Amino acid sequence: MLVVDRLSVHFPTRRGIVQALDRVSLAIEPGEIVGLVGESGSGKSVLSYAISGLLDPSARVIGGEIRWRGAPIGPIRERRTTRAAVVQIFQNPRASLNPIRAVGRQVSDVAGQDRVAPLLESVRLDPSKARNYPFELSGGQCQRVGIALALACEPELLIADEPTTGLDVITEAAIMQLIAELSRSRGMATLLVTHNLPLAAAHCHRIAVMHAGQIVESAPVAALTQSARHPYSAELLAATPQHAATPDDLHVIQGQLPDLVAPLLPCRYATRCRNRRPDCDLSPPELAPVASDHLIACRHPLC
Amino acid sequence: MLTVSSLRKIFKGRGWKAPPVTALDDISFEIGKGQSLGIVGESGSGKSTLGRLVSRLIDPTGGKLLFEGTDIGAISPRAFVHRPQRRQIQHIFQDAAENLTPHMTAFAAIADPLRRLVGLTNVNDRVRELADSVSLGRDLLERYPHQLSGGQKARVGIARGLASQPSLLILDEPTAALDVSVQAAILKLLHRLRRDLDLSYLLISHDIEVVRLMCERIIILRNGQVVEAGQTAQVLAAPQSDYGRMLLAAVPRLPS
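Line by line, the protein sequences are chains G and P.
Numbering of the first sequence is given in my numbering, commencing with residue 1 and proceeding in unit increments.
Numbering of the second sequence is given in my numbering, commencing with residue 1 and proceeding in unit increments.
Everything labelled a hint here was simulated from the structure, so no lab data went into it.
Small disclaimer: the values here were computed from a predicted structure and weren't measured.
Worth double-checking, as some hints may not be accurate.
What the hints assert, rightly or not - DMTMM-like cross-link-like pairs, simulated, lysine to aspartate or glutamate; straight-line CA separation at most 20 Å:
1. P:17 to G:136
2. P:188 to G:248
3. P:12 to G:248
As the list claims (entries may be wrong) - Which stretches of chain G does chain P cover? Using the computed rule of at least three CB atoms under 8 Å from a CB of chain P, they are:
4. 192-203
5. 230-240
Stated by the list, open to error - Pulled a few chain G residues facing chain P out of the computed Cβ check, cut under 10 Å:
6. 140
7. 166
8. 243
9. 245
10. 256
11. 275
Built from N, CA and C at the ideal position, the CB exists for glycine as well.
So here's chain G without its partners, still in its complex pose:
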C-alpha cells in the first residue's frame, strides 16, 4: 500500500548539508503495524514527516520516491494540500492542538458532535474534559486528544510519532489496543515511530531499525528480538533496562551518532561498530535479505 523506495533527503543549513535520510526503503501493507525504532536524531521523524507529506519546503529530495497505492506522492509540504488517507499523530501534543478552542470542539470539527464523547472515552479521557482548553490539560491528556483527533479521521495509514511518550503504561496499552483494533477491523496501516523497543515489540508486526538516516535492519518482531543480525539492533536490545538486574548491568551503546553534516563513512555505523573490518569502508552496505522478510544493511552481520 505504502512503499518508500530508496528515499534520500538532504537539508541545506548554514552549517552545511544535513544528510538526513539515505536510501531509505520501507513498505507497509493494510492492517499492518510497523515499528520504526532508533535513537533521537536517527531520522525517524524526518521519515514520518516525508510519508505524511509534511517535510519542510527547504528539504531536497536527492533520490528515490514514496508511492501510495502505486502512485508517487510528494514528501514535501506544499500549499494547502491535505492527504486525508494519511494522518499523523505528532510528538508534541500541546503544539499540535489549537490553544484557543476547547478540545471537544476541535474533536467535533473532525468527527461531528455525536462522536466526541465516545472518541474521548476510547482514549481513556473523561468526556467532561471536552469543555477544557489545551492549557488546562496535562501533557498526557493533550496527547490523548491528539490521538482521538487522528483516529476520528478514519485514516488508511496512521503515522504515530512517539504517540505514548509521557503516558502511563495502562493508558499506553489502551491506546495501542485501540490502534490494533482499528488495524484489524478497518485494515488501517500504522507506522509506530518510537525509541521504546519493548513497546514496538509488544504491538508491531514488523520492526525497522534506523541509525543515522539509514535503515539498518528490518524484520518481523520475533526475528528481530530473538536473533537481530545487525550489530546496532543487538546493542539497542541490550540497552533496554529489562535485561539488567542492577543499574551496573545496564548496557550503554558506545559512541554517538555521526554528524550528518560532515563527510560520512559508507557505513554510518562503522565508527561505533565492534564488528568493523577494512572492507566496511569500501562502499555503502545495501539493505539486502538474509531470510524471508528479514533485511539487513551490513557486511559482517552477527550470527
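Starting from the structure of chain G, add chain P where the hints point.
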C-alpha cells in the same frame, strides 16, 4: 531521615464553583539515609504533587513531613527557602530540557545554587568539580541549553541538584525524555552518585523498569492513594492489589 505521615493535599478547584480536588490522601512512608524509594502510578495519580510537597514547593493540607526531626510541612514555602533543610532536599525536575533557563549557560545553571544556597563567591572550581562528578565535559560548560543534547541537559540538571550537597534528592521522571542508551548512562550515574555520596532518593517515575533497577522499595499510587507498598522485588513478583496486577501486566516486554 524523612518520615511522612498521613500526608494530604487538597487543591482548591479552579474557576467558579469548581469542586476541590484531593490530590493526595493519607500518604505515609519513610526514607532512611542512603535508601531509595520509588513512586509509580499513572498520570494524575499524585506522584509529582508528592515530590513537590516533600521539596516544599507547595503546602500540604494535612499530615506531617518530618525531615531529620523537624516538621518541614509546617514551614511555609517562602520561609523554607532560608532554612538549612532547603540545602538538604533538592528537586531534580521532569524533563531537564524544559527546566533549564534558556539564557543561562550550563556553568551559570550549576553556579546559581552554589551562590544562592551555599553562599560561595568563588564558584569556578566547585562548578568544574560538579561537572566532573556527573561526567559532563568541561568544554560543555559554556554552552546554552539549546546547544546541549538531552543526556547532557540531564547531567546539568543533576549537577545543579548536587551543588548544595543535599542528602535527599527528589527525582521526578529523571529519564522520561531520553533514549534507552542515554537513559542507561544516566541511571548508572545516579546509582553511582547515590553509593558514593550516600544519598537518599525519592524517585518518581511511570517506568516500572526504572524503579525496579533504582529503588529497594516501591509505592504504587492511584488517585492520590497508596494501593500497594513494599519491597520492590516482592511487589513486582507478586502484586497484592488488582490495580497493581493490572499496572504490571500493562508493561510492554521484549520476549525473552
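Status of the hints after comparison with the structure:
Taking the CA atoms of residue 17 of chain P and residue 136 of chain G, the gap is about 16 Å. The hint holds against a cut of 20 Å. Of the supplied pair hints, the one linking residue 188 of chain P and residue 248 of chain G holds, its CA atoms being roughly 6 Å apart against a limit of 20 Å. Restraint check: the Cα-Cα separation between residue 12 of chain P and residue 248 of chain G comes to about 44 Å, which exceeds 20 Å; the hinted pair is violated. Given as covered by chain P, the segment 192-203 of chain G passes the check, having 8 residues with a CB less than 8 Å from a CB of that chain where 3 are the minimum.
Coverage of the segment 230-240 of chain G by chain P holds in this model, with 5 residues showing a Cβ closer than 8 Å to a Cβ of that chain against a need of three. The interface hint given for residue 140 of chain G is met, as the beta carbon of that residue sits about 4 Å from the closest beta carbon of chain P, less than 10 Å. Interface hint status for residue 166 of chain G: upheld, as the beta-carbon distance to the closest one in chain P is roughly 7 Å, under 10 Å. This hint holds: residue 243 of chain G has a C-beta 8 Å from the nearest C-beta of chain P, less than the 10 Å allowed.
Of the supplied interface hints, the one on residue 245 of chain G holds, with its beta-carbon coming within about 8 Å of a beta-carbon of chain P, less than 10 Å. A distance limit of 10 Å between C-beta atoms decides the matter here; for residue 256 of chain G the minimum to chain P is near 8 Å, and the interface restraint holds. Taken as an interface hint, residue 275 of chain G does not check out: its beta carbon lies about 18 Å from the nearest beta carbon of chain P, beyond 10 Å.
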